[in-house]
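Asker: Per mature numbering (1 follows the signal peptide of the UniProt record, and there is no 0): the sequence shown = residues -31 to -1, 1 to 99.
Keep in mind that the hints were calculated from the coordinates and are not lab data.
None of these values were measured; they are calculated from a predicted model.
It is possible that part of the hints are untrue.
[As the list claims (entries may be wrong)] Label-pair restraints from in silico Cβ distances: (1) R(-21) / P23: 26 to 32 Å; (2) S90 / P23: 24 to 30 Å; (3) L88 / R43: 19 to 25 Å; (4) L(-13) / R46: 56 to 62 Å; (5) P23 / L(-20): 57 to 63 Å; (6) A(-22) / R46: 56 to 62 Å; (7) A(-18) / R92: 18 to 24 Å; (8) V(-11) / P51: 16 to 22 Å.
Just so you know, even glycine gets a beta-carbon here, dropped at the ideal spot from N, CA and C.
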Amino acid sequence: MMFSRAQRKARLFARIGLLAVSGLACSVAVAQPLTVRVNPQLDQRGVLMSGNEPGTIETLFNAGPRYNEPSGVRIGRGSLIPPWLELGSFQNVSVPGLNPVGYYGYYISPDDRAVVVDLDSRRVVRVIVH
């Protein structure tokens, strides 16, 4: 009689353990975002919205505010852009490394790079070489 009671407890603990492990495994799977790459070429060019029209990064180089003279400000990720520097703006759709629905400012530097700027902090978030 003692043996069967111990067996029942062991089975109960085994079932509880199995439920706990499967519950944890499922919760980890649910917590991970689902990422589906629809077009593998988007990594190279990216898509953005400029004036309610979809475009590519090339659109920035063709339409953006372009500066031919150096501003005297060293540009790199995290650099602060002075308020007197005029920025264009775009909504990101799939440019790698940027918030997929974020709005950003940008300008084209004298060395033909698109400098992408966070509009709130005016800090450089990405520099794209043409």
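Asker: Hint by hint, note whether the structure agrees.
Answerer: So, going through the hints one by one against the coordinates:
Look at R(-21) against P23: about 60 Å separates their beta carbons, and that is not inside 26 to 32 Å. The hint said 24 to 30 Å for the Cβ distance between S90 and P23, and at roughly 27 Å that hint holds. Taking 19 to 25 Å as the suggested C-beta distance range, the pair L88 and R43 conforms, at roughly 21 Å. A hinted range of 56 to 62 Å for the beta carbons of L(-13) and R46 is inconsistent with their spacing of about 47 Å.
Take P23 and L(-20): their Cβ atoms lie about 59 Å apart, and the range 57 to 63 Å holds. In this structure the supplied range 56 to 62 Å holds for A(-22) paired with R46, their Cβ-Cβ distance being about 58 Å. A hinted range of 18 to 24 Å is violated for the C-beta pair A(-18) and R92, which are about 55 Å apart. Range check, V(-11) to P51: about 56 Å between beta-carbon atoms, so the 16 to 22 Å window is missed.
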